[in-house]
Amino acid sequence: MAQLLARQSAPFYGAPRQRNWPIHLVLSLITVACVVPLILVVSASFTDEKALVNNGYGLLPSQFSTAAYDYLFRDPRPIFTAYGITIFVTVVGTAFGLLIMSMLAYVLSRKDFKLRKPLSFYVFFTMLFNGGLVPWYIVVSQVLHLKNTISVLILPYLVVPWFVLLLRTYFAQIPDDLLDAARIDGAGEWRIFFRIVIPLSTPALATVGLFCALMYWNDWWLPLLFIDDKRLAPLQYLLYTVSTNISALANSPYSAGMALPIAPVRMAMAVIAIGPIALAYVLVQRFFVRGITVGALK
Amino acid sequence: MLEHTDNLGVPPLSAEAIPKPVVTAHWRRILDKNGALLLMAAPGLVLLFAFAYLPLSGLVLAFKNYRANQGIWGSAWVGFDNFHYLFATSDAWRITFNTLFLNGTFIVVTVAGALGVALLLNEVQHTIRARFYQSALFFPYFLSWVVVGYIGFAFLSTDGGFINSLLSHFGIQPIAWYSNANAWIIIITIVNLWKNVGFWSVVYLAGMLAISPEFYEAAKIDGATKLNQIRYVTIPLLTPLIVINVLLSIGRIFYADFGLFFNVTRDSSLLYPTMDVIDTYVYRALRTLGDVGMASAAGFYQSVVGFILVLIANRIVKRFDPEKALF
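Line by line, the protein sequences give chains A and B.
The first sequence maps to residues 1 to 298 in my numbering.
The second sequence maps to residues 1001 to 1327 in my numbering.
Be a bit skeptical, because a hint or two may be false.
To be verified - Heads up, simulated DSBU-like pairs for lysine-lysine below, C-alpha to C-alpha not over 30 Å straight-line:
id, chain 1, residue 1, chain 2, residue 2
1, B, Lys1033, A, Lys114
2, A, Lys111, B, Lys1318
3, A, Lys114, B, Lys1220
4, B, Lys1318, A, Lys117
5, B, Lys1033, A, Lys117
6, A, Lys230, A, Lys147
7, B, Lys1033, A, Lys111
What the hints contain is simulated information worked out from the structure, not anything from laboratory work.
Fair warning: this is a prediction, and the values are worked out from it, not measured in the lab.
Could you put together the complete structure from these sequences and hints?
Here it is, written out as structure tokens:
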């Protein structure tokens, strides 16, 4: 009760409002430091190439121009292809990853499961020790023969032991009585899992699902290693390629007649890649915060 | 044959007399009872086998002269030759030092920065502005390292980059940032902090919000100022959380964030003296130089030392809070 009262009245007898202004000032400055870099990129993408070279990057375009976007959307096929690959990989990877990881985590959370200990060790040992890049690269490309396939962008990330651990912790909190009651009513293991465990765990599934989606959406590492075929390049990899070789954007050799605004085109490409994640961020940010909060206080 | 005896219900005496069927029956019971569960776990277990356990066998490559056409097992053994080459150069020392030094710096700076931000946010909690600050701080965490590399370029590009434009107002000549190895120790620390401070401040803020207000009430009655409350209530109560996270980071100190070091430095070879870490070295040896022997020796070194560090860190974590230990 005392705690409840204190919580409710806290805002009233804390420090007077005026004394908080230095805190707000510092936090505002940090906030600006987090956001300004993005403004810089957006502004550069709308700047005339010559002006960018002469005047440098600024918070506002020194000479407004949409030439970079005109260039990119003159033949938008590479961008659309890359978007298509990224969306496909993100959707399929997140859906299957969530299903496979939650099934695994549920089994490991069952205290009456005989092989629980050895299988838990099997899963979590991979967090502590791994073969490193070279054996992994050779196995994926030369034993599993996944190079230049769409599945190489999905399969390696389907089971992330850390997420399995998070899900297992959450599932373990579901009361055994609930599962027993279902069993007495004649429900089999699959039914219990899909009808009871999954619906009760939506907060954990949402958090892990969002982390998975972010991991797939932002991935450039798997294509860097395993994709040479331009048609299979996801968005982040296209962006990476463009940073060193702008011609990756053009399907056909660039016509000599039109000057290519290289720097603004690069920045416009970055804006196109950031755009959707920024929009999604506004919608899902609080779920992330909640998820981390729960994880931190486990 | 053995299963038949079991099915026919042979008296227990004879079943005990022959040990083998008992074991089989034991396993059958486990299967009967847990078959559905095993089936549920199977896809995940198979994937881990393919992508985590199969590569473990490839650790032997560090002791072989790998030829693609001979495969992992067909290639000739060369003993410790790969390690001799690796440790004969100054590379091994340089990448080890860079990895440990930079990761160590990141741990200290990130903990300090995130704690500072969390303390500030904690003072203005429950306001709309606090939410706004948090959203802005957390945003960089959502960006890929490739995008961060672009943002870095907008700041640091020699011709016209934001920093150089600012400097030119003070009459300072443009600086070629991507060839200034020493400046990058600071640059990369800032970039890493910028991307991760939002995430970690959320973690520490969550810890602060879990502290019962009664502690602060008691402190206030004793006449504690705001700073005293932070020093004698917030920080001590948060220490376990900080210690655990720092220890877990120390356990991973031998592994660098490849994306940060590869994309943000634009893989500029002039920055290798300070920015080449084990992960970038292994990648380059494998993909650019095609020296599989050297790459796998360096990778083996990382795996083994990294494993030992994780074990030590976990042991200490266990002492603090057995719940947080990995095993």
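Outcome of the hint check:
1. Lys1033(B) - Lys114(A): Distance of about 9 Å is within 30 Å: holds.
2. Lys111(A) - Lys1318(B): Holds. Lysine 111(A) to lysine 1318(B) sits at ~22 Å (cutoff 30 Å).
3. Lys114(A) - Lys1220(B): 53 Å, violated
4. Lys1318(B) - Lys117(A): 18 Å, holds
5. Lys1033(B) - Lys117(A): 16 Å, holds
6. Lys230(A) - Lys147(A): 13 Å, holds
7. Lys1033(B) - Lys111(A): 13 Å, holds
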